[in-house]
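K.L.:
Sequence:
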Amino acid sequence: IFSRSLKLDEKSIMKVRIIGDVHGKYGKYLHLTDGAEYSIQLGDMGFSYNHMKDLNPLNHTFFGGNHDNYDKINTVSHCHGNFGGRHLGNSADGPIFEYFIVRGAYSVDKKYRTIGVDWWAEEELNRDQAERCIKNFAQMKPEIVISHDCPASVVPEFMTNDWKLEKSFTGALLDVMFEVHRPKLWIFGHHHQNKTIVKDGTKFICLDELSFIDLDTEKEL
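Per the numbering used here, the very first residue in the sequence shown carries number 10; after that it's consecutive.
These are computed hints drawn from the structure, not numbers from a lab.
Quick caveat, the model's predicted, so the values are computed rather than measured.
Errors might be hidden in some of the hints.
Computed spacing ranges between beta-carbons, pair by pair [as the list claims (entries may be wrong)]:
hint, residue 1, residue 2, range
1, Asp127, Gly93, 23 to 31 Å
2, Arg141, Ser86, 20 to 28 Å
3, Ala101, Ser162, 21 to 29 Å
Even for Gly, the Cβ is constructed at its ideal location relative to N, Cα and C.
Working from the sequences, and respecting the hints, build out all of it.
P.N.:
Here it is in structure tokens:
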């Protein structure tokens with residue numbers, strides 16, 4: 010397992026574990042949450058969410074990737090939803106850890122999958138959702154973005170097979186967001202490797218399946 014501590018502020022004392030794709034390996038995922046007070050999972054959790062029942066939804070969250078069950082995911086209290094500003098923890102000064110999430114990605118292997126069994130058309134945001142996402146992002150101008158996929162312009166740096174160079178709506182959406190505002194940090198999964206680059210002032214961190222990083226939060230409790 011890939012693990013690293015990334016300190017954003019030396020006064021921070023709360024830590025958040027960011028966990029890569031799970032792909033149905035729920036026992037291993039739960040083992041990772043055991044070592045974290047707070048966690049965020051990057052999508053592709055799997056097609057069942059019964060394993061979440063014993064986790065506190067205020068502390069342990071996730072959002073959808075392209076290998077998630079969109080008939081069930083939005084009924085799970087731990088799910089962060091489609092997009093937008095989110096936070097974990099509270100202090101007298103307000104939320105401790107603030108960030109912006111964007112769910113979804115395009116399944117390059119969808120022709121080998123079955124609708125309603127292991128593939129859902131809702132795997133990517135629709136056009137209306139994307140427009141609202143961009144508007145919210147431009148207003149918030151977050152320092153941290155947490156998504157399942159990454160901007161299309163960054164994909165070649167993280168490509169693990171040629172299929173993933175295929176243009177997608179999600180990649181284009183994230184590209185627009187990156188043009189609108191460049192956050193300090195952008196963490197994502199989907200591309201199944203552990204790699205970090207810096208592009209135009211933004212640090213991009215890709216996490217492999219069941220890899221994680223522990224972030225120190227920005228604000229003092």
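K.L.:
Taking the hints in turn, state whether each one holds.
P.N.:
Comparing the hints with the structure gives:
1. Asp127 <-> Gly93: 23 to 31 Å: holds, 27 Å
2. Arg141 <-> Ser86: 20 to 28 Å: Holds, at about 22 Å.
3. Ala101 <-> Ser162: 21 to 29 Å: violated, 40 Å
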